[in-house]
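**Student:** Taken in sequence, the protein lines are chains A and B.
If you read the first sequence in our numbering, its first letter stands for residue 1, the second for the next number, and so on.
If you read the second sequence in our numbering, its first letter stands for residue 1, the second for the next number, and so on.
Hints are computed from structural coordinates only; laboratory data are not their basis.
Some hints here could point you the wrong way.
Here chain A is said to cover these stretches of chain B; the calculated rule only asks that three of the stretch's residues, wherever they fall, bring their Cβ under 8 Å from a Cβ of chain A [said to hold, decoys possible]: (1) 14-24; (2) 60-74; (3) 116-124; (4) 170-176.
Pulled from the structure, derived: some chain A residues nowhere near chain B, Cβ distances all over 10 Å [claimed, not checked]: (5) PHE35; (6) PHE58; (7) GLY91.
Please read these numbers as outputs of a predicted model, since none were measured by experiment.
For every residue, glycine included, the Cβ atom is placed at its ideal position computed from N, Cα and C.
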Amino acid sequence: MNQARNFTKGFVRDNPVFTMMLGLCPALGTTTSAFNGFGMGMATLFVVLMSNIVVAIFKDFIPNKVRIPSYIVIIASFVTITDLVMEAFMGALHAELGLFIPLIVVNCFVLGRAEAFASKNTLFSSIVDGIGMGLAFTMALTMLGAARELLGANALFGVELVEGDGMLVFVLAPGAFIALGYLIALMNKLKKD
Amino acid sequence: MEYIVIIIGAVLVNNIVLAQFLGLCPLFGVSSKISTAAGMGGAVLFVMTVASIVTYLLSTFLLEPFNIMYLQTITYILVISSLVQMVEIVLKKVSPPLYQALGIFLPLMTTNCAILGVAILVFQQDLTLLQGVVFAISHSIGFTLAIVLLAGIREHMDLVNIPKGMKGNPIIMVTAGLLALAFMGFAGIV
Chain A
1 MNQARNFTKG FVRDNPVFTM MLGLCPALGT TTSAFNGFGM GMATLFVVLM
51 SNIVVAIFKD FIPNKVRIPS YIVIIASFVT ITDLVMEAFM GALHAELGLF
101 IPLIVVNCFV LGRAEAFASK NTLFSSIVDG IGMGLAFTMA LTMLGAAREL
151 LGANALFGVE LVEGDGMLVF VLAPGAFIAL GYLIALMNKL KKD
Chain B
1 MEYIVIIIGA VLVNNIVLAQ FLGLCPLFGV SSKISTAAGM GGAVLFVMTV
51 ASIVTYLLST FLLEPFNIMY LQTITYILVI SSLVQMVEIV LKKVSPPLYQ
101 ALGIFLPLMT TNCAILGVAI LVFQQDLTLL QGVVFAISHS IGFTLAIVLL
151 AGIREHMDLV NIPKGMKGNP IIMVTAGLLA LAFMGFAGIV
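Given only the sequences and the hints, what does the whole structure look like? Please build it.
**Tutor:** Rendered as structure tokens:
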């Protein structure tokens, strides 16, 4: 597979959220606004990139039987780094995302990239895959966050577009499920054309 | 009284799946039949309770005294994954029928964010050990309730004519959204 396709495969065809239905908990839990979704996506991008790099470097040294626990420890280390760095420099966003930062550890999408891609491919492909998939995940979260913010608060990235209140339900829990449902339907339609 | 507040709050008001978005992978993955959904619920009940007790003891007697709370995430996930492994081995020896019934759900438990989430929440909310156990049990009941309800709706959905574009995942999402909307009605009870 050439690197350009390796980079772009996650955006529509293998999108982690819309197609593979992985990493749904942060995708629904943190996308109350476009900015929060973007922040969560970027944090996940860092973790998936770094864990892909480390797994790709050490794949020949990790015994096959203990590979999953090893990957989890590698991912957990980078999640801890992300957690502490965000707490120090991005306090407001960190408070907003809350529990979902440590929960990147159990994001099946991150472990999935380590297991399905980085453990079988070269370092360079794994870096490209990490960035591409991370950006695709960020794109999905930002889209979902933008849709919910637009419908729920009449705003985009914190800028109010229309006067007055939006449909509050889209900022609350049920709106997350409904918005994602319709976004998946839209993506399925795009894929067919 | 405080325990009743914890139970109602966890099962109905702040339902772990429909209000807090934890454990969504099993919610959509194993909700095609009521029986498998209930099996998953049972497995979660067991692992979540034991994991909360073990992580509570670890952070109170090991991480806090030595001032190494930054290792919380790594410790918790290691505890949970080894616990899941241990439960699997013990169940296989002690009760093969139950092991058979739970099947693939046991190993999948490691990446169920509800388990890690509840373990972290028990610590963050400064609960006592007993409160933590009640908290974990009622959250897993809430999980089971949500997943069994969704499975029941999905079983009936097989008989319904669904618009072409909404078939599969989209309609399940919207259904879960409507379920969450119903659960929002419980807000304000406690």
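**Student:** A separate judgement is required for each hint: does it hold in the structure or not?
**Tutor:** Do the hints match the structure? See the list:
| no. | hint | verdict |
| --- | --- | --- |
| 1 | 14-24 | holds (count 7) |
| 2 | 60-74 | holds (count 5) |
| 3 | 116-124 | holds (count 5) |
| 4 | 170-176 | holds (count 6) |
| 5 | PHE35 | holds (18 Å) |
| 6 | PHE58 | holds (17 Å) |
| 7 | GLY91 | holds (17 Å) |
Taken one by one, the earlier hints all hold for this structure without exception.
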